[in-house]
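When you get a sec, could you build the whole thing from the sequences and use the hints?
There are 2 protein chains.
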Amino acid sequence: MKVMKVGLLGLGVVGEGTWKLLRSNMGELERRTGVRIEVTQVAVRDLAKARAKIGDAVPLTQDGLDVVRSPDVDVVVELMGGLNPAYDWVMEAIAQGKHVVTANKALLAERGNEIFQAAREKGVIVAFEAAVAGGIPVVKALREGLTANHIQWVAGIINGTTNFILSEMRTRGLTFKQALAEAQELGYAEADPTFDVEGIDAAHKLTLLASLAFGIPVPFGKAHAEGISDLTRKDVANAERLGYRIKLLGITRRTEKGIELRVHPTLIPAESLLANVSGAMNAVLVNGDAVGSTLYYGAGAGQMPTASAVVADLVDVARMASALPDHQVPHLGFQAAAMANTPILSMSDVYSAYYLRLRVKDRPGVLAELAGILAEEGISIGSMVQEPHGDEEADIIFLLHRALEGNVDRALERIQSLGFVKSKVIRLRMETEL
Amino acid sequence: MKVMKVGLLGLGVVGEGTWKLLRSNMGELERRTGVRIEVTQVAVRDLAKARAKIGDAVPLTQDGLDVVRSPDVDVVVELMGGLNPAYDWVMEAIAQGKHVVTANKALLAERGNEIFQAAREKGVIVAFEAAVAGGIPVVKALREGLTANHIQWVAGIINGTTNFILSEMRTRGLTFKQALAEAQELGYAEADPTFDVEGIDAAHKLTLLASLAFGIPVPFGKAHAEGISDLTRKDVANAERLGYRIKLLGITRRTEKGIELRVHPTLIPAESLLANVSGAMNAVLVNGDAVGSTLYYGAGAGQMPTASAVVADLVDVARMASALPDHQVPHLGFQAAAMANTPILSMSDVYSAYYLRLRVKDRPGVLAELAGILAEEGISIGSMVQEPHGDEEADIIFLLHRALEGNVDRALERIQSLGFVKSKVIRLRMETEL
Chain H
1 MKVMKVGLLG
11 LGVVGEGTWK
21 LLRSNMGELE
31 RRTGVRIEVT
41 QVAVRDLAKA
51 RAKIGDAVPL
61 TQDGLDVVRS
71 PDVDVVVELM
81 GGLNPAYDWV
91 MEAIAQGKHV
101 VTANKALLAE
111 RGNEIFQAAR
121 EKGVIVAFEA
131 AVAGGIPVVK
141 ALREGLTANH
151 IQWVAGIING
161 TTNFILSEMR
171 TRGLTFKQAL
181 AEAQELGYAE
191 ADPTFDVEGI
201 DAAHKLTLLA
211 SLAFGIPVPF
221 GKAHAEGISD
231 LTRKDVANAE
241 RLGYRIKLLG
251 ITRRTEKGIE
261 LRVHPTLIPA
271 ESLLANVSGA
281 MNAVLVNGDA
291 VGSTLYYGAG
301 AGQMPTASAV
311 VADLVDVARM
321 ASALPDHQVP
331 HLGFQAAAMA
341 NTPILSMSDV
351 YSAYYLRLRV
361 KDRPGVLAEL
371 AGILAEEGIS
381 IGSMVQEPHG
391 DEEADIIFLL
401 HRALEGNVDR
411 ALERIQSLGF
421 VKSKVIRLRM
431 ETEL
Chain B
1 MKVMKVGLLG
11 LGVVGEGTWK
21 LLRSNMGELE
31 RRTGVRIEVT
41 QVAVRDLAKA
51 RAKIGDAVPL
61 TQDGLDVVRS
71 PDVDVVVELM
81 GGLNPAYDWV
91 MEAIAQGKHV
101 VTANKALLAE
111 RGNEIFQAAR
121 EKGVIVAFEA
131 AVAGGIPVVK
141 ALREGLTANH
151 IQWVAGIING
161 TTNFILSEMR
171 TRGLTFKQAL
181 AEAQELGYAE
191 ADPTFDVEGI
201 DAAHKLTLLA
211 SLAFGIPVPF
221 GKAHAEGISD
231 LTRKDVANAE
241 RLGYRIKLLG
251 ITRRTEKGIE
261 LRVHPTLIPA
271 ESLLANVSGA
281 MNAVLVNGDA
291 VGSTLYYGAG
301 AGQMPTASAV
311 VADLVDVARM
321 ASALPDHQVP
331 HLGFQAAAMA
341 NTPILSMSDV
351 YSAYYLRLRV
361 KDRPGVLAEL
371 AGILAEEGIS
381 IGSMVQEPHG
391 DEEADIIFLL
401 HRALEGNVDR
411 ALERIQSLGF
421 VKSKVIRLRM
431 ETEL
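Listed in order, the protein sequences are those of chains H and B. Per full-length UniProt numbering, the very first residue in the first sequence carries number 1; after that it's consecutive. Per full-length UniProt numbering, the very first residue in the second sequence carries number 1; after that it's consecutive.
Check each hint, because a few of them may be wrong.
Repeated chains share a single entry, so a pair holds when one copy, or any two copies, can fit it.
[What the hints assert, rightly or not] The calculated lysine to aspartate or glutamate pairs, modelled on EDC-like cross-linking and capped at a C-alpha distance of 20 Å, are:
(1) K5 / D326
(2) K257 / E28
(3) K234 / E16
(4) K424 / E226
(5) K422 / E393
(6) K53 / D88
No wet-lab data here; the hints were simulated from the structure.
Here's what the structure looks like:
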């Protein structure tokens with residue numbers, strides 16, 4: 001049987017999962033591919049810890065360059081995370097003519113364009129199914145399964161940590177802090193959770209999804225990222241009462257003026273499939289002009305689900321390696337020469353529906369004045385709820401129809417400066433057609 | 001730009017959709033593939049009707065053999081449906097060394113093994129994404145995206161007609177007949193709906209899914225198919241009240257003794273994702289040992305969604321055609337020499353949970369006798385509801401824990417013969433962990 005030799009960079013959670021999966025499912029993999037996929041070299045920081053995990057079967061080194069330069073390695077699997085030394089080692093692997101499989105979304109979101117260009121020049125594959133939504137084969141769906149479509153938009157729950165926290169806030173009435181503490185206890189959130197809860201991890205993944213969907217260079221740094229740390233129990237409960245749920249969504253959409261690229265808490269109808277994705281699960285909704293909306297759901301993180309995607313990429317490499325280079329699936333799903341330079345829209349150019357909540361002095365004329373400002377900015381009110389708060393004040397909730405965010409910004413600035421407005425105006429985006 | 005020449009067999013709903021999609025999205029397809037995909041020959045029954053649809057751009061014929069033998073055709077797309085002449089023309093296309101793309105589930109379920117063998121011998125690709133679940137790229141997910149996994153089971157809503165009917169029965173309280181009439185009016189059901197409502201179409205698709213999931217030859221004729229035409233409003237409402245919904249599921253599962261392969265109405269928890277797939281939509285849940293459960297959702301039929309899958313297959317052919325034959329994705333996802341001969345289980349060897357409903361004389365001892373029979377057959381009761389019906393009778397509903405169907409059959413036979421049982425015992429299967 002043919003052998004494909006794998007050099008593994010990193011033996012953390014996902015690295016160990018990949019090692020285990022290649023062994024436990026070796027038989028099924030050989031039945032599928034007719035190829036034996038063997039790990040022949042491993043680079044790790046801590047040699048003793050690695051020995052304890054995988055024994056003496058494979059040479060270990062602390063220097064990834066030993067692995068990527070080894071004649072005993074056909075494909076390099078990078079599972080270290082972080083930018084350095086991952087970037088240097090991946091670039092050297094490519095320079096050595098080795099195919100690369102990686103789960104490193106930060107690396108690809110930040111340096112993907114250079115990496116893919118180097119790979120094209122050397123005619124090697126860089127596969128990254130595991131970098132977006134873990135075990136869900138959504139990169140493959142976008143690059144291949146839906147290839148006949150103009151993709152119109154993608155909207156996804158692509159961070160399990162925040163989806164777990166939001167699920168706990170909703171079902172158990174916890175505050176953000178309480179739910180975060182629980183997520184940390186259960187291992188769903190890191191000690192420093194910033195990356196997840198502020199939407200940065202989701203923005204990295206969305207950045208890759210946008211490139212795959214629309215055939216644009218990886219638009220690093222252009223995503224609007226807003227997290228869930230300011231979200232209150234009150235707004236979670238209000239959303240529920242109004243027939244919605246709040247999810248941290250990554251949304252990217254092709255419009256006439258450019259591409260929307262944004263991560264933020266979003267109200268979506270409670271009966272929608274996305275709203276019913278709970279716990280640490282992920283789901284990505286993709287809309288194409290021919291196929292309509294399709295959804296991909298599964299575990300977006302975790303040792304074995306992520307390893308499932310890494311190993312699927314290895315099988316793809318085994319299969320595609322012998323195709324003519326210009327017949328191989330392009331890294332980003334489009335021919336390099338055909339990438340578009342469609343602009344990414346700023347948030348003020350984005351259209352969305354909105355949820356607003358504010359506290360006001362409860363006196364005649366308040367509502368008329370608020371409604372007047374919204375009307376003047378061309379914003380139409382879908383519905384309104386008013387609730388007394390103490391003797392003299394009231395909470396008002398507006399659900400606004402789709403409007404230009406720049407107009408909403410202006411309206412909010414004017415509303416915030418009104419004398420009778422007693423709180424910061426809370427503004428959440430809302431998508432009613434997911 | 002390279003050109004791939006397509007011969008089209010059939011210009012019905014999906015054929016016309018494919019024709020339109022190749023034109024409307026030509027630019028995006030060229031950006032993705034670097035290849036121009038051109039229809040160069042078309043075979044149709046009605047030449048005049050075809051001319052009205054596509055004009056004079058392409059030679060038309062009534063004989064598919066003209067198309068498959070034409071030197072001006074690289075790939076044959078079969079969208080006629082039915083066994084004949086589809087089978088002969090596809091086999092001749094293969095004999096001519098042409099790649100084949102087909103949406104014909106009946107053809108592949110019944111004659112797939114011969115077709116795939118002929119294709120292997122000639123080293124050509126037979127792609128069939130459109131044959132299962134329309135526009136949802138679930139064939140690709142099973143063959144490639146989840147290739148690292150031992151697939152444990154697949155459970156899916158893979159017939160849109162019946163899902164539409166069941167949705168209408170549940171939400172509007174219609175009878176099966178009323179909902180069917182409405183489906184026919186809206187074009188979701190054929191004049192003769194047997195194929196859909198008796199589960200035969202779903203069984204064809206499930207047969208292909210089982211082969212893809214487990215690496216077995218296409219197990220034609222081995223699926224248990226039970227439709228929805230006997231389903232009553234009463235049972236639909238009972239399911240709802242107990243926290244379940246009834247869906248026509250195709251289920252295939254790997255067990256120690258063999259493979260379960262069955263289509264039947266099934267109670268599933270109302271909050272599950274599958275239960276929330278409504279109208280004519282499809283969804284397939286796939287469980288792998290590494291990735292866990294993943295779900296694929298979208299339009300399972302219709303002109304443009306199905307065309308989306310056909311054209312994706314054409315792009316795959318364009319890409320894979322230059323790979324070494326033993327590197328191409330195998331037709332059924334496993335190497336031909338590695339197909340297993342795992343037996344398909346008869347229904348009496350299947351394990352399931354159950355819903356039972358029966359009418360009894362309302363007198364002391366009835367329940368004890370029923371519970372006694374179930375216990376003797378090793379069947380454990382999950383819950384029980386009793387409702388008076390008139391003065392002297394009562395309806396009893398049992399929810400049974402997982403049990404061997406053979407035991408349940410025996411218990412039902414004994415119960416049916418009891419003097420105090422006044423109705424046919426209704427038995428529906430139930431899956432509590434989807």
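Cross-check of the supplied hints:
no.	hint	in the structure
1	K5 / D326	between (24 Å within a copy, 18 Å between copies)
2	K257 / E28	between (48 Å within a copy, 18 Å between copies)
3	K234 / E16	neither (42 Å within a copy, 52 Å between copies)
4	K424 / E226	within (17 Å within a copy, 59 Å between copies)
5	K422 / E393	within (8 Å within a copy, 65 Å between copies)
6	K53 / D88	neither (26 Å within a copy, 56 Å between copies)
Checked against the numbered hints above, the structure breaks hints 3 and 6 and satisfies the rest.
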